[in-house]
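S.K.: Given next are the chains, with one letter for each unit.
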Amino acid sequence: MSDPKRYVRPYGDTTGDGMIQTSFTLPIPFGPKADGAAQQLANKMGMDPAMVVHSHPIGDDFTFFVVYGSVKHLVDLDEVKVVEREYPLLTPAEVNTTLKKVLRRKLVVVGGCIGTDAHTVGIDAILNIKGFAGEKGLEYYRELKVVNLGAQVSVPELVRRARTEKADAVLISQVVTQRDAHILNTQEMSAAFREAMGDKRPLLVAGGPRFDPLMAAELGVDRVFSRGTTPGEVASYLVHAMQEKKGVAA
Amino acid sequence: MALLDLDPKVVATARALAARAAEPVVSIAKAHTTVAVERATLRLAGITGADSTHRAGDVPWVNRVIDTVREQCGLEHGVVLPAFHALRENNLGTLTELAEATAAGQIQFKIPAGKELTAAKKAATSAVAKGIRTVDRNRAQRDKLITKLGDPAQRPWIYLIVATGDIDEDVVQAQNAARAGADIIAVIRSTGQSLLDYVPEGATHHGFAGTYATQENFRIMRAALDDVSKEVGRYVRLTNYASGLCMPEIAVLAGLQRLDMMLNDSMYGILFRDINPIRTFVDQRFSRQVHARAGIIINTGEDNYLTTADAVEAAHTVTVSQLLNEHFAHEAGLPDHLLGLGHAFEINPKVPDSFRLELAHALLARELFPDAPLKWMPPTKHMTGDVFNGYLLDGFFNLAGVLTGQSILLVGMMTEAVVTPFLSDRDLALQNVRYVLNAAGSLAEDFRPAPDGLIVKRAHQVLGEAVDLLERIVDDGLLNAIADGTFGLMKRPADQGKGADGVVEKADGYFNPASEMLEAAR
Chain A
65 MSDPKRYVRP
75 YGDTTGDGMI
85 QTSFTLPIPF
95 GPKADGAAQQ
105 LANKMGMDPA
115 MVVHSHPIGD
125 DFTFFVVYGS
135 VKHLVDLDEV
145 KVVEREYPLL
155 TPAEVNTTLK
165 KVLRRKLVVV
175 GGCIGTDAHT
185 VGIDAILNIK
195 GFAGEKGLEY
205 YRELKVVNLG
215 AQVSVPELVR
225 RARTEKADAV
235 LISQVVTQRD
245 AHILNTQEMS
255 AAFREAMGDK
265 RPLLVAGGPR
275 FDPLMAAELG
285 VDRVFSRGTT
295 PGEVASYLVH
305 AMQEKKGVAA
Chain B
32 MALLDLDPKV
42 VATARALAAR
52 AAEPVVSIAK
62 AHTTVAVERA
72 TLRLAGITGA
82 DSTHRAGDVP
92 WVNRVIDTVR
102 EQCGLEHGVV
112 LPAFHALREN
122 NLGTLTELAE
132 ATAAGQIQFK
142 IPAGKELTAA
152 KKAATSAVAK
162 GIRTVDRNRA
172 QRDKLITKLG
182 DPAQRPWIYL
192 IVATGDIDED
202 VVQAQNAARA
212 GADIIAVIRS
222 TGQSLLDYVP
232 EGATHHGFAG
242 TYATQENFRI
252 MRAALDDVSK
262 EVGRYVRLTN
272 YASGLCMPEI
282 AVLAGLQRLD
292 MMLNDSMYGI
302 LFRDINPIRT
312 FVDQRFSRQV
322 HARAGIIINT
332 GEDNYLTTAD
342 AVEAAHTVTV
352 SQLLNEHFAH
362 EAGLPDHLLG
372 LGHAFEINPK
382 VPDSFRLELA
392 HALLARELFP
402 DAPLKWMPPT
412 KHMTGDVFNG
422 YLLDGFFNLA
432 GVLTGQSILL
442 VGMMTEAVVT
452 PFLSDRDLAL
462 QNVRYVLNAA
472 GSLAEDFRPA
482 PDGLIVKRAH
492 QVLGEAVDLL
502 ERIVDDGLLN
512 AIADGTFGLM
522 KRPADQGKGA
532 DGVVEKADGY
542 FNPASEMLEA
552 AR
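Chains as they are written, first to last, in our numbering: chain A, 65 to 314; chain B, 32 to 553.
In case anyone wonders, no lab produced these hints; they're calculated from the structure. Even for Gly, the Cβ is constructed at its ideal location relative to N, Cα and C. Treat each hint with caution, since some may be false.
Unchecked claim - Derived pair list, reagent style DSSO-like, types lysine-lysine, alpha-carbon separation capped at 27 Å: (1) K412/B to K200/A; (2) K141/B to K153/B; (3) K209/A to K522/B; (4) K522/B to K200/A; (5) K529/B to K209/A; (6) K230/A to K529/B; (7) K537/B to K161/B; (8) K529/B to K61/B; (9) K522/B to K170/A; (10) K146/B to K161/B; (11) K136/A to K69/A; (12) K209/A to K310/A; (13) K40/B to K488/B; (14) K200/A to K164/A; (15) K261/B to K175/B; (16) K537/B to K141/B; (17) K230/A to K310/A; (18) K264/A to K164/A; (19) K230/A to K522/B; (20) K264/A to K309/A; (21) K97/A to K136/A; (22) K264/A to K170/A; (23) K381/B to K200/A; (24) K230/A to K164/A.
As the list claims (entries may be wrong) - Now the stretches of chain A that chain B is said to cover, found in silico as 3 or more residues with beta-carbon under 8 Å: (25) 123-133; (26) 207-216.
Claimed, not checked - Chain A is nowhere near these chain B residues, computed Cβ spacing over 12 Å in every case: (27) K61; (28) C104; (29) E128; (30) G145; (31) I177; (32) P366; (33) E476; (34) V505.
All chains should be modelled from the sequences, with the hints used to inform the complete structure.
M.R.: Below you can see the structure in the form of structure tokens.
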């Protein structure tokens with residue numbers, strides 16, 4: 065007997081009904097034929113039965129649809145792979161005391177947005193004392209020294225500053241994803257650190273709303289944080305990683 | 032009608048303090064020039080095109096000339112004297128020919144004296160005057176088209192963004208947006224353009240999260256909007272961005288191609304792009320003088336502060352920045368009706384009474400700047416990817432906009448922070464605006480906040496905090512305040528930041544016919 069919770073379906077208002085809603089636009093004029101086309105697409109997407117509950121024209125050449133329907137698919141939870149947090153969440157006080165004990169000096173964090181990305185929202189949410197989601201940013205932690213390089217930092221500049229600041233960890237943020245800029249920039253960054261510093265390189269952490277935490281290896285970084293990450297999670301991770309590092313070194 | 036009962040004495044104090052805070056910075060701006068100001072001047076004098084054979088890719092001719100002049104005789108006297116002297120000495124017809132000869136290493140620049148100086152001044156003045164005349168003609172043409180086609184039927188004007196990276200796609204999207212009700216089209220620039228120390232050339236098709244601002248792209252889009260303006264029976268305005276390292280040049284190109292609005296903030300580049308403060312203040316002054324001449328409405332960037340700082344705690348920094356932007360703009364010759372001072376709906380929706388606080392802040396801006404076409408910016412920071420919630424928030428943003436008499440409404444997208452907007456996102460967003468305008472467009476008529484209610488009290492409090500902060504800025508100096516992280520929590524020392532090496536102190540014999548004409552016109 066398998067776990068009854070291994071397989072699940074979307075829940076509308078009854079267990080197992082499989083109900084979802086979706087919306088999309090087709091490049092065809094509004095009318096019955098358009099509704100039929102939307103119906104066909106929904107069926108092909110696995111929605112059966114599918115109800116086109118709303119459609120309206122956008123200009124002469126496009127039609128927008130809202131579709132409700134039941135999907136046939138099952139989710140197999142055993143096949144779902146995600147990065148589970150393997151370290152405990154610490155309070156700022158716990159972060160400070162642990163770091164003091166492990167390092168006996170401040171942990172240096174250098175952060176910025178690399179490439180042409182000018183969106184500092186992410187890095188600022190993590191680093192600025194203001195913080196995010198009610199948690200104070202890393203600048204608030206007494207045992208962390210934070211150097212926020214801001215926007216559009218070049219990779220050589222980041223490496224240079226990481227070296228002069230003797231950074232323990234480098235945090236980079238990437239928001240713009242056009243043509244996979246976030247992936248390419250991060251790979252360029254990790255390659256530069258490997259080349260410049262080899263095994264002595266700082267801990268590399270990448271963050272951004274469109275990153276998948278499973279991509280760490282592909283990106284050449286130690287950790288990837290995605291949408292909704294709070295400063296406390298990052299700080300806790302840094303402590304955990306430092307402990308691991310010390311453990312290996314000892 | 033005044034609803035907040037602001038004390039005129041406090042308002043006058045706030046303005047006087049802003050003027051005092053700005054004064055030393057204006058003096059610095061007058062005493063310096065920058066590579067960008069000099070390039071803008073040569074562009075007004077008619078230089079165009081780029082060196083496509085350079086190994087660094089297309090380098091605009093104007094950059095080649097400025098860089099060489101700077102190497103050979105410095106920019107302390109301005110670029111036009113050595114440039115127009117060299118033109119005459121080498122019997123060259125145009126500045127572009129001069130640039131080609133410069134690139135070939137055939138030109139030796141020097142500062143002329145005596146009769147040669149008089150001749151160079153005369154030639155430069157006549158060339159720059161031609162550029163200014165084009166700007167003037169464009170302004171007259173805009174006025175003519177507005178008379179003929181008309182302004183939007185309603186306030187606020189509806190402002191929509193396109194950002195595909197490809198100017199040809201932008202044209203399709205912009206024309207469709209205008210047909211769907213947009214009064215203003217803004218073409219967002221490619222990420223990173225603000226830090227290019229040159230303006231790219233020609234029509235472009237490969238931007239990142241936006242389309243490069245180039246003279247040719249400006250021309251293409253303005254022509255497309257002229258076409259659609261006729262079709263929809265109202266003059267559709269075009270917006271771009273005079274920010275970053277090329278503020279003055281982009282301002283000139285906007286004037287030459289009849290753009291109608293430009294993002295132009297006195298401190299945005301410093302705070303959010305880490306551009307050197309002195310460079311920014313020199314560049315923004317010249318660029319605003321050009322905008323004033325071109326009749327272009329500037330849009331300031333106060334909304335940005337609230338994306339980094341908390342929208343309640345930092346509300347007064349917006350007011351302070353608006354007052355500073357107003358002063359810098361007036362000083363550069365921009366009248367109130369061209370001041371699109373910015374502010375935004377960025378309070379965390381989980382804060383109790385957040386909507387009332389938004390109304391207080393929006394009304395404060397409205398009553399402090401009654402004649403300015405205020406620009407009202409939609410929520411971005413608290414758009415989480417929950418598009419349903421985001422749609423609701425945008426509805427409240429629209430309602431606050433009509434209720435407080437905002438002039439320019441940037442249409443919020445429920446997919447903010449998720450993807451670049453789908454065609455349907457834009458359509459739904461416009462439906463949201465239309466519904467609110469239709470249902471509550473005249474609600475301001477019935478809206479009387481209680482004299483001792485939260486809205487009025489909050490507005491007074493924010494104004495009070497703004498006055499306190501302005502006092503500290505006057506004591507400390509604006510440049511020090513910026514260095515200390517007063518705005519948007521970013522610390523920007525005056526001697527640091529990008530583009531600092533492009534700032535040049537003017538010599539006694541500095542000559543710039545564009546500056547003289549623009550100053551004289553005020």
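S.K.: Does each hint fit the structure? Answer for all of them.
M.R.: Against the structure, the hints come out as follows:
Of the supplied pair hints, the one linking K412/B and K200/A holds, its CA atoms being roughly 17 Å apart against a limit of 27 Å. Among the hinted pairs, K141/B with K153/B is consistent with the structure: their alpha-carbon atoms are about 17 Å apart, no more than 27 Å. For the hint pairing K209/A with K522/B, the CA-to-CA distance comes to about 16 Å; that is within 27 Å, so the pair holds. The straight-line distance between the Cα atoms of K522/B and K200/A is roughly 18 Å, inside the 27 Å bound, and the hint therefore holds.
A distance of roughly 24 Å separates the Cα atoms of K529/B and K209/A; the hinted pair therefore holds under the 27 Å criterion. For the suggested pair K230/A and K529/B, the alpha carbons sit about 24 Å apart, so the restraint of at most 27 Å is met. Simply put, K537/B and K161/B have alpha-carbon atoms about 25 Å apart, close enough for the 27 Å limit, and the pair holds. Note on K529/B and K61/B: the hinted pairing holds, with a Cα-Cα distance of about 20 Å set against a maximum of 27 Å.
Simply put, K522/B and K170/A have alpha-carbon atoms about 22 Å apart, close enough for the 27 Å limit, and the pair holds. With a C-alpha separation of about 23 Å, the suggested pairing of K146/B with K161/B holds against the 27 Å cut-off. A distance of roughly 17 Å separates the Cα atoms of K136/A and K69/A; the hinted pair therefore holds under the 27 Å criterion. Between K209/A and K310/A the CA atoms are separated by roughly 19 Å; this keeps the pair inside 27 Å, and the hint holds.
Pair hint K40/B plus K488/B holds up; C-alpha atoms about 17 Å apart against a cutoff of 27 Å. Restraint check: the Cα-Cα separation between K200/A and K164/A comes to about 19 Å, which is no more than 27 Å; the hinted pair holds. For the suggested pair K261/B and K175/B, the alpha carbons sit about 13 Å apart, so the restraint of at most 27 Å is met. A C-alpha spacing of about 16 Å is found between K537/B and K141/B, which places the hinted pair at or below 27 Å, so the restraint holds.
Annotation: proposed proximity of K230/A to K310/A holds, straight-line Cα distance about 16 Å (limit 27 Å). Pair hint K264/A plus K164/A holds up; C-alpha atoms about 21 Å apart against a cutoff of 27 Å. With a C-alpha separation of about 22 Å, the suggested pairing of K230/A with K522/B holds against the 27 Å cut-off. The straight-line distance between the Cα atoms of K264/A and K309/A is roughly 11 Å, inside the 27 Å bound, and the hint therefore holds.
Between K97/A and K136/A, the direct Cα distance comes to roughly 25 Å. Compliance with the 27 Å bound is thereby established for this hinted pair. Straight-line distance between C-alpha atoms of K264/A and K170/A comes to about 18 Å, which keeps the hinted pair within the 27 Å bound. Distance restraint check for K381/B and K200/A: the Cα-Cα separation of roughly 17 Å lies within the 27 Å cut-off, and the hinted pair is therefore satisfied. For a cut-off of 27 Å, the pair hint linking K230/A to K164/A stands: about 17 Å separates their Cα positions.
Only when three residues or more bring their CB closer than 8 Å to a CB of chain B does the claim for the region 123-133 of chain A stand; here the count is 3, and the claim holds. Coverage of the region 207-216 of chain A by chain B holds. Counting CB-CB distances below 8 Å, 3 residues qualify, and the rule asks for three or more. Non-interface call for K61/B relative to chain A: holds, since the shortest CB-CB distance, roughly 29 Å, exceeds 12 Å. Non-interface call for C104/B relative to chain A: holds, since the shortest CB-CB distance, roughly 31 Å, exceeds 12 Å.
Remark: the non-interface label on E128/B is consistent with the geometry, its nearest Cβ contact in chain A lying 34 Å away (cut-off 12 Å). Distance check on G145/B: its Cβ is at least 47 Å (rounded) from any Cβ of chain A, clearing the 12 Å threshold; non-interface status holds. Here I177/B stays apart from chain A, with its beta-carbon at least about 26 Å from theirs, past the 12 Å limit. For P366/B, the requirement that its beta carbon stay farther than 12 Å from each beta carbon of chain A is met, with the minimum near 31 Å.
Once the 12 Å rule is applied to beta carbons, E476/B is consistent with being away from chain A; the minimum gap is 31 Å. Remark: the non-interface label on V505/B is consistent with the geometry, its nearest Cβ contact in chain A lying 26 Å away (cut-off 12 Å).
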